[in-house]
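Chemist: Chains as they are written, first to last, in the numbering used here: chain A, 1 to 373; chain S, 1 to 544.
A couple of the hints might just be wrong.
What the hints assert, rightly or not - Every beta carbon over 12 Å from chain S, so not counted as near; a handful from chain A, in silico:
no., residue
1, A27
2, T163
3, K203
Unchecked claim - No farther apart than 25 Å at their CA atoms in a straight line, the calculated lysine to any residue pairs in the SDA-like style are these:
no., chain 1, residue 1, chain 2, residue 2
4, S, K506, A, A28
5, A, K33, S, G518
6, A, K36, S, K208
7, S, K208, S, E188
8, S, K475, A, N30
9, A, K369, A, E345
10, A, K23, S, I520
11, A, K36, S, K476
12, S, K222, S, P365
Keep in mind that the hints were calculated from the coordinates and are not lab data. Cβ atoms here follow ideal geometry from the backbone N, Cα and C, with glycine treated the same way.
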Amino acid sequence: MATEKIKGKSRQEVKESLEAQAKDVLAAINDMKNPKVSIPLRTLTNVYFDAKAKMIKLGDKAGSRTFYNVNQAKKFMQTMLVAAQIKGLILQNSPTLDTRQLFYLLRGTMPNSSEDKFDDQEESDAIIEDVEVMIDALREELGLIAVPKGVIAGPLTVEDTATGDIIDYTKMGTAGGAIPASVEPENFKFNKCSADYILVVEKYAVWNLLNQQRFWEKNNCILMTGKGQPARAERRLLARFEKELKIPIYVFCDMDVYGYYIYSVYKQGSINLAFFSEKAAAPSAKYIGFNVDDYTKFKLPKSALIKMTEDDLKRIKEVKGYDWFKSKDWQDELDKLVKFGYTIESDALVAKSIDFTAKTYLPTKIKNKEWID
Amino acid sequence: MPELKAEEFAKQQRSISVAEFFEKNRHLLGFDNAIKALLTTVKEAVDNSLDACEDADILPEIFVKIEELSTNKYKIIVEDNGPGIVKAQIGPVFGKLLYGSKFQTFGGKQGRGQQGIGISAAVLYSQMTTGKPAKIISKIGPKEKAHCFLLKISIEKNDPEIVGEEELDWDKDHGTRIELDMEAKYVEKRASVLEYLKETAVVNPHAKITYIDPLKQKYEFKRVVEELPKKAEKVKPHPYGVELGPLLRMLKATSARTIKSFLTTEFDKVGAGTADLILRAAEIDPRVMPRLLSLESAEKLLKSMQGTKIMVPSTTCLSPIGADTLMKSLEAEYNLEFVHAVTRPASVYRGNSFQIEVAIGYGGPELTQDQPVKVFRFANRVPLLYQQGACALTKAVTAVEWKSYGLQQSGDNIPNGPAIIIVHMASVWAPFTSESKEAIANYDEIIKEAKLALQECGRQLQSFVGKRQRHALAKKKADMFKLYSIELAEALSNLTGAKKEDIQAKLVKLTDEMLKLGAIEDNEVKEEVKVKRKVGAFKGGDDE
Numbered sequence: 001m002a003t004e005k006i007k008g009k010s011r012q013e014v015k016e017s018l019e020a021q022a023k024d025v026l027a028a029i030n031d032m033k034n035p036k037v038s039i040p041l042r043t044l045t046n047v048y049f050d051a052k053a054k055m056i057k058l059g060d061k062a063g064s065r066t067f068y069n070v071n072q073a074k075k076f077m078q079t080m081l082v083a084a085q086i087k088g089l090i091l092q093n094s095p096t097l098d099t100r101q102l103f104y105l106l107r108g109t110m111p112n113s114s115e116d117k118f119d120d121q122e123e124s125d126a127i128i129e130d131v132e133v134m135i136d137a138l139r140e141e142l143g144l145i146a147v148p149k150g151v152i153a154g155p156l157t158v159e160d161t162a163t164g165d166i167i168d169y170t171k172m173g174t175a176g177g178a179i180p181a182s183v184e185p186e187n188f189k190f191n192k193c194s195a196d197y198i199l200v201v202e203k204y205a206v207w208n209l210l211n212q213q214r215f216w217e218k219n220n221c222i223l224m225t226g227k228g229q230p231a232r233a234e235r236r237l238l239a240r241f242e243k244e245l246k247i248p249i250y251v252f253c254d255m256d257v258y259g260y261y262i263y264s265v266y267k268q269g270s271i272n273l274a275f276f277s278e279k280a281a282a283p284s285a286k287y288i289g290f291n292v293d294d295y296t297k298f299k300l301p302k303s304a305l306i307k308m309t310e311d312d313l314k315r316i317k318e319v320k321g322y323d324w325f326k327s328k329d330w331q332d333e334l335d336k337l338v339k340f341g342y343t344i345e346s347d348a349l350v351a352k353s354i355d356f357t358a359k360t361y362l363p364t365k366i367k368n369k370e371w372i373d
Numbered sequence: 001m002p003e004l005k006a007e008e009f010a011k012q013q014r015s016i017s018v019a020e021f022f023e024k025n026r027h028l029l030g031f032d033n034a035i036k037a038l039l040t041t042v043k044e045a046v047d048n049s050l051d052a053c054e055d056a057d058i059l060p061e062i063f064v065k066i067e068e069l070s071t072n073k074y075k076i077i078v079e080d081n082g083p084g085i086v087k088a089q090i091g092p093v094f095g096k097l098l099y100g101s102k103f104q105t106f107g108g109k110q111g112r113g114q115q116g117i118g119i120s121a122a123v124l125y126s127q128m129t130t131g132k133p134a135k136i137i138s139k140i141g142p143k144e145k146a147h148c149f150l151l152k153i154s155i156e157k158n159d160p161e162i163v164g165e166e167e168l169d170w171d172k173d174h175g176t177r178i179e180l181d182m183e184a185k186y187v188e189k190r191a192s193v194l195e196y197l198k199e200t201a202v203v204n205p206h207a208k209i210t211y212i213d214p215l216k217q218k219y220e221f222k223r224v225v226e227e228l229p230k231k232a233e234k235v236k237p238h239p240y241g242v243e244l245g246p247l248l249r250m251l252k253a254t255s256a257r258t259i260k261s262f263l264t265t266e267f268d269k270v271g272a273g274t275a276d277l278i279l280r281a282a283e284i285d286p287r288v289m290p291r292l293l294s295l296e297s298a299e300k301l302l303k304s305m306q307g308t309k310i311m312v313p314s315t316t317c318l319s320p321i322g323a324d325t326l327m328k329s330l331e332a333e334y335n336l337e338f339v340h341a342v343t344r345p346a347s348v349y350r351g352n353s354f355q356i357e358v359a360i361g362y363g364g365p366e367l368t369q370d371q372p373v374k375v376f377r378f379a380n381r382v383p384l385l386y387q388q389g390a391c392a393l394t395k396a397v398t399a400v401e402w403k404s405y406g407l408q409q410s411g412d413n414i415p416n417g418p419a420i421i422i423v424h425m426a427s428v429w430a431p432f433t434s435e436s437k438e439a440i441a442n443y444d445e446i447i448k449e450a451k452l453a454l455q456e457c458g459r460q461l462q463s464f465v466g467k468r469q470r471h472a473l474a475k476k477k478a479d480m481f482k483l484y485s486i487e488l489a490e491a492l493s494n495l496t497g498a499k500k501e502d503i504q505a506k507l508v509k510l511t512d513e514m515l516k517l518g519a520i521e522d523n524e525v526k527e528e529v530k531v532k533r534k535v536g537a538f539k540g541g542d543d544e
């Protein structure tokens, strides 16, 4: 996972990578050697924070998977079965499939045996992730999807290459435009974007209100939400926005440790999908709010406050220990939060006034550059 | 008054005959029920036949037939090719209890019967249940006529009563045949005649035994070895095995002039040096005439005899089967995957030398996995079919930790597994718990020897079972790779365009090679660290 890459692998490249792996395996068999593939480890011990690149990355530890190993033989076979299946989908120019659908394609018993090739979807999902890291390609590039849930609105036009449809995100009505499962350049081509910045909001309710208030139109921005913890597509899309549009990204979350963490996932990536960070992190993203200091600065009513719980405090302690929360600003913010003793949901800002978020809070913060990096 | 009473008692007192005694106590001889009576009869007759043949250096050929006469009435026929019995002896041998050449007071040699009760007790039982006489035919040489006797036992006198006699032609050079009618019950399960004969065949591989059961089914147990067992010799008593009473009688009866020569001539393993040691410890002058030894001195002598270190008894009186023969024989009777046998060196209990032999057979189609192991006990080549729990040989089997030897075992029970365990005790004098000779008494020395032999066999068994498990595992592995190879070949064919059949053929070759080289790995995930890099310490938090 050493090379920085902006552009993902094309389907042709994926096919070639899979074939190259298989050729190595076949060569080993022809040489009477134990065939082997090398699969980067996706364990916590192989994850680190790259302070320079400002993202969570997968370390260089890899596990070798061999066929002539009592504990790995089946996984080895399954790895090749998944690889062959993916190649087959590429050759057929198949529509993208969900991993559950792929499981059904892979399913079956082996000849003259009652043993299943895959016991359940959990087994095939794990092998799919192995194949992703093995050939350094994303699930989306393999023609597979994770179910997306995000929506966007704003001055952006995109070409959906599969259908040829041109999508104008200024004409998406109150519902906004759904983020597709694959936002890879070959499927989701940016045509035109005149936005000054991108505003990601954690909550759909907040996005919905801002959209109705035509916030994106009035402030010339792209308004986006991943509905809580973002799925792969939202994160990948934000990463593409950063790299291709080169405009500022602001993230607006709840003032609690979970909100802070969601921001960090958009910005630096996540532990579980560390291998995905380089394609799905937006290190330039800034945390625009809500902050502990904002409570007094903007004179919010007490009705916006929720008492912090033991679980909150425990999680704060955990997050404080993460390398990507080690900056002075974030350590201070987390300390202040503990001292404050309350959390504030971004939805709660309506308690001040319905227009407060759109007309006062966000414009003020952006104008004054009051954010945490 | 007391005298008067005593005289009255005296009128009632009379010696009861042995035969009368055993009529009332037949369970002591193994005739307690109809099933056992049949088996005991066969057993006594076959034991006698085998002993007779071996004494005469004849490879035994024994024929056993059981015919059903009516409900619960059977005719038992046992015939051998032994030396035959001279006419005058036929009566006493079959018609007098406690008659025979086998009963020895001091020392002796290994033999099947010991007291000479068995066969006459069967005759008695036959007579009691059917009223019919026993029919005995015997021939002592090719030129002789065979004698046929119809014989009963006079219960009061313990004497044979000949009720019929004739000479006849018999197409046999020599041998003896006995026919007994009796009330009996025939069973086919464990402790059956068939089982007994099969077990007998295992420990008597030099014998050929033919058996026809009441359903006229014929069984043949073939001869496995062509040599007769080594002949057991008579030996003098060993000092450790003598008790005071017999010692006093020996002192009176000896022709030795001095106590020293008494010791060296009448006892096994006592030379001049040992005799001196014994006498010095007993503070007895070696020149004393044995006859003149006081009771007190005799007690001292006995104590000293048993306290002095003396060489173990001679083993020439023993005739073990031999480990190789035992193995061959077990393999001939059972279809086994593993056999091992051990013959222990001779040892001593109470001055009697004995030798333990153990054989273990394992696996094969006849033995089942989750059943208790078949334990066959033998004393002097005779199967012990009853009272398994009371026997020292069983105790030795249950005292071994079979779990370490490849069998299952819960607590101190007979182990479970597809195995046969044979324990044979060869001895001049096997210490049976009763006259019916069904169990060996619990002597520590016997249990210890048997345990050692069992453990030695157990170690071999463990190594076999271990190997077998490894083979089974290897087979499982091979099957697994074979199965996965098919799918792998197809996937690789799709990915590379190479022919599926070619890849599969290569994989078959490679699988063989990997298995042969023992190159199959079994680690979970082999970690390869390409670059050492400090990993930030943080605990896992969930996202997504």
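Chemist: Each hint should be assessed against the structure and marked as holding or not.
Modeler: Verification of the hints:
1. A27: Violated: least Cβ distance 9 Å, not greater than 12 Å.
2. T163: With a cut-off of 12 Å, T163/A remains clear of chain S, as the shortest Cβ separation is near 29 Å.
3. K203: holds, 17 Å
4. K506/S / A28/A: Satisfied, since the Cα-Cα distance of roughly 11 Å is no more than 25 Å.
5. K33/A / G518/S: holds, 13 Å
6. K36/A / K208/S: violated, 63 Å
7. K208/S / E188/S: It holds: about 21 Å lies between the C-alpha atoms, which stays within 25 Å.
8. K475/S / N30/A: Since the Cα atoms of K475/S and N30/A sit roughly 24 Å apart, the hinted pair holds (cutoff 25 Å).
9. K369/A / E345/A: holds, 21 Å
10. K23/A / I520/S: Holds. K23/A to I520/S sits at ~22 Å (cutoff 25 Å).
11. K36/A / K476/S: Roughly 22 Å separates the two Cα atoms, so the pair holds.
12. K222/S / P365/S: holds, 21 Å
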